[in-house]
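Q: One-letter residues, chain by chain:
2 protein chains.
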Amino acid sequence: TGIKKPFTEVIKANIGDAHAMGQRPITFLRQVVALCTYPDLLDSPSFPEDAKNRARRILQGCGGNSLGSYSASQGVNCIREDVAAYIERRDGGVPADPDNIYLTTGASDGIAAILKLLVSGGGKTRTGVMIPIPQYPLYSAAISELDAIQVNYYLDEENCWALDVNELGRSLNEAKTYCNPKVLCIINPGNPTGQVQSRQCIEDVIHFAWEEKLFLLADEVYQDNVYSEGCQFHSFKKILYEMGPEYYNNVELASFHSTSKGYMGECGYRGGYMEVINLHPEIKGQLVKLLSVRLCPPVSGQAAMDIVVNPPVPEEESYVQFIKEKESVLNDLAKKAKLTEDLFNQVPGIHCNPLQGAMYAFPRIFIPSKAIEAAKGNKMAPDMFYCMKLLEETGICVVPGSGFGQREGSYHFRMTILPPVEKLKILLEKVKDFHIKFLEEYA
Amino acid sequence: TGIKKPFTEVIKANIGDAHAMGQRPITFLRQVVALCTYPDLLDSPSFPEDAKNRARRILQGCGGNSLGSYSASQGVNCIREDVAAYIERRDGGVPADPDNIYLTTGASDGIAAILKLLVSGGGKTRTGVMIPIPQYPLYSAAISELDAIQVNYYLDEENCWALDVNELGRSLNEAKTYCNPKVLCIINPGNPTGQVQSRQCIEDVIHFAWEEKLFLLADEVYQDNVYSEGCQFHSFKKILYEMGPEYYNNVELASFHSTSKGYMGECGYRGGYMEVINLHPEIKGQLVKLLSVRLCPPVSGQAAMDIVVNPPVPEEESYVQFIKEKESVLNDLAKKAKLTEDLFNQVPGIHCNPLQGAMYAFPRIFIPSKAIEAAKGNKMAPDMFYCMKLLEETGICVVPGSGFGQREGSYHFRMTILPPVEKLKILLEKVKDFHIKFLEEYA
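First to last, the protein sequences are chains Y and C.
Read left to right, the first sequence gives residues 1 to 443 (the UniProt record's numbering).
Read left to right, the second sequence gives residues 1 to 443 (the UniProt record's numbering).
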């Protein structure tokens, strides 16, 4: 209503909110959570036995067999056991201890808690936290809230946003002159940049952290979202183990996962977990105390997390449907990743690295100097000006690169690839037309 | 296993976790949440139409009609509308604006957020936060975490734990000499003390806050838990309104509610809301920013909150069962409140104020000087020593008064009245026997 717009709907390609973009929930996950919610359904013939077994097991782990009881602050015991078993399977048998697993209110809650813990231990110089640029803004917000120092290391756009360990060294050495760098944050697969780290790269990072005694914080919430040929997700935990006891017994690591991304996209449940390795027992005590203030993570979110780590197996009746649903989502995402890369790279003045993983494109956009002037006149960052224009003219909502950080003088935006394939095609065509027009207008 | 104990089970009377103590969920609430979780059930004849209508309405408010989407940070719009309508009904028509409602992850999340907001605005002197003694330890923990100053005002044990406004004045004047007191926290009905504030008392407190320009923080999570003859819950919001525009347009107030207590006891869902009045628009902006870091409260918890504020009405088919279940829980609690008070007051050396509301007894216990000596020898607070002995000898787990704060030289413990009636009777007899034996042992 009000002023007439040149489009009929706003497409929110700004946040990784799969269900909001029309993705359907995984049936099995919702069946189990519904059974836990309303256990009368355990007598219903319309629910499969494997879902009922999962629900019974979860409820047995809850006080009074109810999702309505507080769990332990660390999470329901049997769900932590399932998480540990999942990690062992995922990492080819590398042992995982349920005592090191903490269920969280989404991954962001765990990340904020660990950062708080590590920063609050600081001495007279302020704690430095190394983060990639571009980064997911949760990090910069948490660091600023904790009054810690954000230490930037730049991902290499020319090399598919790879992490270069020499750049880590440069960043760290510079930081040591003005703060006490203690934490190294990694996002793999990358958000917003979508790169998937190679095994070699992870080894280099771990060696660096070991040498410099940095606490490694591995944000691995996109571990199921890997699309490019030749790319594979390697967990930091697994590589750390394989590098031998000198590393595995010394490097402190917290890694994070979530119900919100992957193929399930259950953001609203606020489910997540972290695995913490080599944490000093005293610090571990402080972590438990810190977590106990918020009583417990939502128990229905814990139940959803359980199904992510303990899905149907081939012998079970729900397996075929589960795999079909899971692969449908992931195949579509892979298709959309390729489509997006290809189309963006056809547009003059847009360069887009391969979307190896996660669920975002982060193309580099050329903004002509006349447009930069116009942005200045509007007191806006040039990429914000670009994104506002895009929204006004097409109804497409994306996030300017300045919200994530980027090298001075380069401009980007982040766009999710979550809209359904046909809708995404239309969206990409619209961005293309807009961009060409924008270049002409400010030539 | 291990050392043989003189009891067969541990009774956890230490936390307000109703379902863990055997209380059954409210059927209607769980039906609606199950329908939202697994919308295929909307076609099932075994769910009532009124529950289906609630579920459809909630799902329409969710992105992609899914509980798995992020909601706005402030919460799902239609649920905030239902909260506002509930407040208006509860307060006899006093207007409530959905824009002032924020859904939260349990009440504790909202309380922590508001305190953070108010404390971070501080100048050169540290911010003082006034809290009742005894208090619920969330307050002391949040205040200490924020590096603010805890300013104690004492509730009057001789007068059924009433809040005396003269004591507020004493406390404030003292505090002004060493900090900048900005916030006054009230817990009504009281936790751990169970008092229900009179209308006159609330008026006095509001007048005091107005005069002293204090931000009022009203923790009203036990608003449905009122038992004593002649006691009634009055919301701070309502009284503030009725005191006229001079008060209503000026006093800043945040009030809190939750799914965890009342008759529903849904702690695990981490549902809650706060209503914020007269917040400066700039501070409101900071609040939204602060809340957006954690993305959104769990959407299933928001759905549970919706049913608490929008239960079946007399015309609806689920009404009769709903009322029966609700009253069964509340009548049992009232019975147990009286039983507990009566039995404790029969024991020499125990004095227990009436449990007017909430779900705890906080009896004063006489601890003989010999026992105080023994506690010192064990490096324990005397009431901690008492509670440890109680646990070891009876398996009953209660919390020492020192965890909540108490006047120097007085000793208490907090015990929930959540066990089923017959079990509670046995529990109280055991405490009685233990106490008599304890007095003899340390005579």
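It should be emphasised that the hints constitute simulated quantities derived from the structure, not laboratory data.
A few of these clues could be false.
List of simulated lysine-lysine pairs, DSBU-like, C-alpha gap at most 30 angstroms [claimed, not checked]:
#1 Y/Lys-379 x C/Lys-437
#2 C/Lys-437 x Y/Lys-289
#3 C/Lys-284 x Y/Lys-376
#4 Y/Lys-284 x C/Lys-12
#5 Y/Lys-289 x C/Lys-389
#6 C/Lys-52 x Y/Lys-12
#7 C/Lys-116 x C/Lys-4
#8 Y/Lys-335 x Y/Lys-437
#9 Y/Lys-284 x Y/Lys-5
#10 C/Lys-376 x Y/Lys-182
#11 Y/Lys-116 x C/Lys-437
#12 Y/Lys-284 x C/Lys-116
#13 C/Lys-376 x C/Lys-437
#14 C/Lys-289 x Y/Lys-5
#15 Y/Lys-12 x C/Lys-289
#16 C/Lys-52 x Y/Lys-289
#17 Y/Lys-116 x C/Lys-289
#18 Y/Lys-338 x Y/Lys-389
Now the stretches of chain C that chain Y is said to cover, found in silico as 3 or more residues with beta-carbon under 8 angstroms [unchecked claim]:
#19 12-21
#20 98-110
#21 422-428
Think of the CB as a built atom: it goes at the ideal place given N, C-alpha and C, for glycine as much as any other residue.
Q: Against each hint, give a clear statement of whether it holds in the structure.
A: Results for each hint:
no.	hint	in the structure
1	Y/Lys-379 x C/Lys-437	77 angstroms, violated
2	C/Lys-437 x Y/Lys-289	35 angstroms, violated
3	C/Lys-284 x Y/Lys-376	29 angstroms, holds
4	Y/Lys-284 x C/Lys-12	25 angstroms, holds
5	Y/Lys-289 x C/Lys-389	24 angstroms, holds
6	C/Lys-52 x Y/Lys-12	29 angstroms, holds
7	C/Lys-116 x C/Lys-4	47 angstroms, violated
8	Y/Lys-335 x Y/Lys-437	27 angstroms, holds
9	Y/Lys-284 x Y/Lys-5	55 angstroms, violated
10	C/Lys-376 x Y/Lys-182	41 angstroms, violated
11	Y/Lys-116 x C/Lys-437	47 angstroms, violated
12	Y/Lys-284 x C/Lys-116	24 angstroms, holds
13	C/Lys-376 x C/Lys-437	20 angstroms, holds
14	C/Lys-289 x Y/Lys-5	29 angstroms, holds
15	Y/Lys-12 x C/Lys-289	20 angstroms, holds
16	C/Lys-52 x Y/Lys-289	41 angstroms, violated
17	Y/Lys-116 x C/Lys-289	18 angstroms, holds
18	Y/Lys-338 x Y/Lys-389	26 angstroms, holds
19	12-21	holds (count 6)
20	98-110	holds (count 4)
21	422-428	violated (count 0)
When each numbered hint is compared with the structure, violations occur for hints 1, 2, 7, 9, 10, 11, 16 and 21.
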